[in-house]
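> For reference, the chains in residue letters:
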Amino acid sequence: MTVATAHAAPPKPSTWTRVRGWVGNPWGRPRFLVGFTWLYMAWSIIPALIAIQFSFNSGRSRTIWSGFSTRWYWGDVDSVWSDADLHHALIQSIKLAVLDVAIATPLGVLLALGLARWRGRGAGVSNFIMLFPLVTPEIVMGVSLLLVFTHVFTFIQPSTTAQVLGHVTFSISYVVVVVRGRLFSIGRQYEEAAADLGASPAVALYRVLLPLLMPAIVASIAIVFALSIDDFVISYWLSCGAGCDTVPIQIYAATRAAPLPSTNAIATILSALTLASIIIGYLGYRFFTRHERAGGGLVGDMAAFDV
Amino acid sequence: MAGEVTLVDLVKKFGDLAAVDGINLEMPSGEFFSMLGPSGCGKTTTLRMIAGFEQPTEGRILLDGDDMAYTPPHKRNVNTVFQSYALFPHLNVADNVAFGLKRQKVGKREIRERVAETLELVQLTGFERRKPAQMSGGQQQRVALARALVLKPAVLLLDEPLGALDAKLRKALQLELKALQQQVGITFIYVTHDQEEALTMSDRIAVMADGRVEQVAPPREVYEEPSTVFVADFLGVSNLMDAEAVGGANICRLRLGDFELDATRGKTDARGSVRVTIRPERVHLEPQDSTGQNRIPGMVQRLVYLGNSVQVIVHLAVGNTIQALVQNVGTEIPWKQGTAVQAHLPADALRVLEDTGAALAPLDENAVPA
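Order-wise, the sequence lines are chains A and B.
The first sequence runs 513 to 819 under the numbering used here.
The second sequence runs 3 to 372 under the numbering used here.
Worth double-checking, as some hints may not be accurate.
Here chain A is said to cover these stretches of chain B; the calculated rule only asks that three of the stretch's residues, wherever they fall, bring their Cβ under 8 Å from a Cβ of chain A [to be verified]:
| id | segment |
| --- | --- |
| 1 | 52 to 59 |
| 2 | 64 to 78 |
| 3 | 86 to 92 |
| 4 | 224 to 236 |
Far from chain B, some chain A residues (derived; all Cβ distances over 10 Å) [as the list claims (entries may be wrong)]:
| id | residue |
| --- | --- |
| 5 | A563 |
| 6 | A711 |
| 7 | S712 |
| 8 | L724 |
| 9 | I790 |
Here are a few chain A residues that face chain B, going by a calculated C-beta distance under 7 Å [unchecked claim]:
| id | residue |
| --- | --- |
| 10 | P649 |
| 11 | Q701 |
| 12 | Y702 |
| 13 | E704 |
| 14 | L709 |
| 15 | A714 |
| 16 | V720 |
| 17 | P723 |
Keep in mind that the hints were calculated from the coordinates and are not lab data.
Glycine residues also receive a C-beta, built at the ideal position from the N, C-alpha and C atoms.
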């Protein structure tokens, strides 16, 4: 009953149409965007890769490659391991970062809780002031903190303590922003449910709110650690001298004097630590939100940070 | 038996706005009591005050005679089923249900037994290890119920618990919820904007508007004998007509344009400008030449076939349009568009309403409760 109809073969598309379709086919993969993204990634990562490569140089040059070696990490008298200044700077950086995380995270969580729950006069202003450290140029903050410590709170002289206080001052805002975002997205319903079921405010905080805030707390820890270990300006202004030098300060000083691949080595260690803190943060976030996900990949997860 | 809630002159103000404006209600123990009204009528705020999430501006909340207006929520013997369920996402079903028991320091074995018992009650045995995110809306709703019921509260508060479910599931759960309430025998205070839901399940309904109670009565009475304009309007097609009450006490004499009608229902001692109502199924359409009391001539404007009945929209000579429902008994109805008829509005079906001034819901919202 069916009559087969002979269709004329469609005309062959021109080369231009095929190329055009390969790059920008709306039903296919976004090849142009993917290509552009890779280009940017290469651009931003290549300098770091070169710096890392030269940290393994067997020669004393930071520009001429003469073979692979780990002498700038340990072994050589000028290696990170043996050079007391570099060694000390690395320990100082890690010390500051750990103290910063340990102080800024709990304080930031409490501040976020307070600010998110505070309604009425002053709430708007304090929420706004909380964002100040994010927009204030770091150098301004560094200088003013130095003034405060040398003229007002004179019992705190430029020192490790001053550096930690400086780091906490600016990193606390990041904690507040991240945690408050999560607080707003989870709302008050779980706290009310907990109270309804007989949990006192303290128990509700510990049993319900903190577990739900865990992803934001882990994210904050990663951010604060990365910020602190990266910081140059504040650490520099509040430094007590050689004893308080952090890795960025050492690198800065070394680059101005006679740079050796050991500065590359210490920069590499620093990058590895920062990267590790971010990966640990991300894995922690994945772990603590494993019940809330209904699939969704990395990008979807990051969107849940809600900053 | 415990579980009697009394609200005395309850007021809640947010700034200058009175969300709840002087409510007096008595909900005896074991009753399925609904608060029905449009959004913004104060029903949820009232429920939240009973739960303890809001503090009353004025008034008292008595549970079995004790004022608990200043008792924090975690010390009240009432539990809530939230509209959004608010199940703890980091805990599995068993731990969600056990949460309240753990706060009461109940022993481990008893916790296990009571959780199992309650999950059986809501037909969720076997779901103990599931996380809320792995369950359907209907199942989550049951977990929320179990989590509250396991504590054996004196009163269970339900804030539109079926609002997020689809129509078919909602119907099924309405019946289940009612059966469950009769089984456990505790007071249910149920908040909804869905009149059908309230009529199906409740022992008594408080219809609310603008932070005030318009009428408290059993479903049948609220539907058949609305006392105020708002209640009549909110509970479906109401054929509201403006009239002038001119006399009578037990029988109210009404003047509508050039016609005089008698009404024996409602506020029959009212005088002056009033509103009257009649249920569409009580309007009798008669041939043009029929005579007698309480009849107004009109013309059929439109017929709407509804299956088991036909809705006839009649434009009355006094200027109003009213609806009449004619039961479908298998014979064709004699009216067509443009037919002149007499609308018989029996005196015992005409109801004189009290106007509390509450703003009526706009038409579309009335048709499809959002």
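> Could you run down the list of hints and mark each one as holding or not?
For each hint, the structure was consulted:
Only residues whose beta carbon comes within less than 8 Å of a beta carbon in chain A count, and the segment 52 to 59 of chain B has 3; three or more means the coverage holds. With 4 residues bearing a CB less than 8 Å from a CB of chain A, the segment 64 to 78 of chain B meets the requirement of three and the coverage assertion stands. Restraint check on the segment 86 to 92 of chain B versus chain A: 6 residues with Cβ-Cβ distances below 8 Å, three needed, restraint holds. For the segment 224 to 236 of chain B, the stated coverage by chain A is violated: 0 residues have a C-beta nearer than 8 Å to a C-beta of that chain, whereas at least 3 were required.
Even its closest Cβ contact with chain B, about 42 Å, leaves A:A563 beyond 10 Å, as expected for a residue assigned away from the interface. Not every CB of chain B is more than 10 Å from the CB of A:A711 (nearest about 5 Å), against its label as outside the interface. At roughly 6 Å from the closest C-beta of chain B, the C-beta of A:S712 falls inside 10 Å, breaking its exclusion from the interface. Separation of A:L724 from chain B is inadequate, the least Cβ-Cβ distance of about 6 Å not exceeding the 10 Å criterion.
For A:I790, the shortest C-beta to C-beta distance to chain B comes to about 24 Å, beyond the 10 Å cut-off, and the non-interface label holds. Interface hint at A:P649: violated, since its Cβ lies 40 Å from the closest Cβ of chain B, which is beyond the 7 Å cut-off. Hint status for A:Q701: holds, given a least beta-carbon distance of 4 Å to chain B, under 7 Å. Nearest Cβ of chain B to the Cβ of A:Y702: about 6 Å, under the 7 Å cut. The hint holds.
The interface hint given for A:E704 is met, as the beta carbon of that residue sits about 5 Å from the closest beta carbon of chain B, less than 7 Å. Taking 7 Å as the C-beta cut-off, the interface hint given for A:L709 holds, the closest approach to chain B being about 4 Å. About 10 Å separates the beta-carbon of A:A714 from the nearest beta-carbon of chain B, more than 7 Å, and the hint is not met. The interface hint given for A:V720 holds, since its Cβ lies 6 Å from the closest Cβ of chain B, which is under the 7 Å cut-off.
The restraint placing A:P723 at the interface with chain B holds, with a minimum CB-CB distance near 5 Å, inside the 7 Å limit.
This entry does not satisfy hints 4, 6, 7, 8, 10 and 15, going by the numbered hints stated previously.
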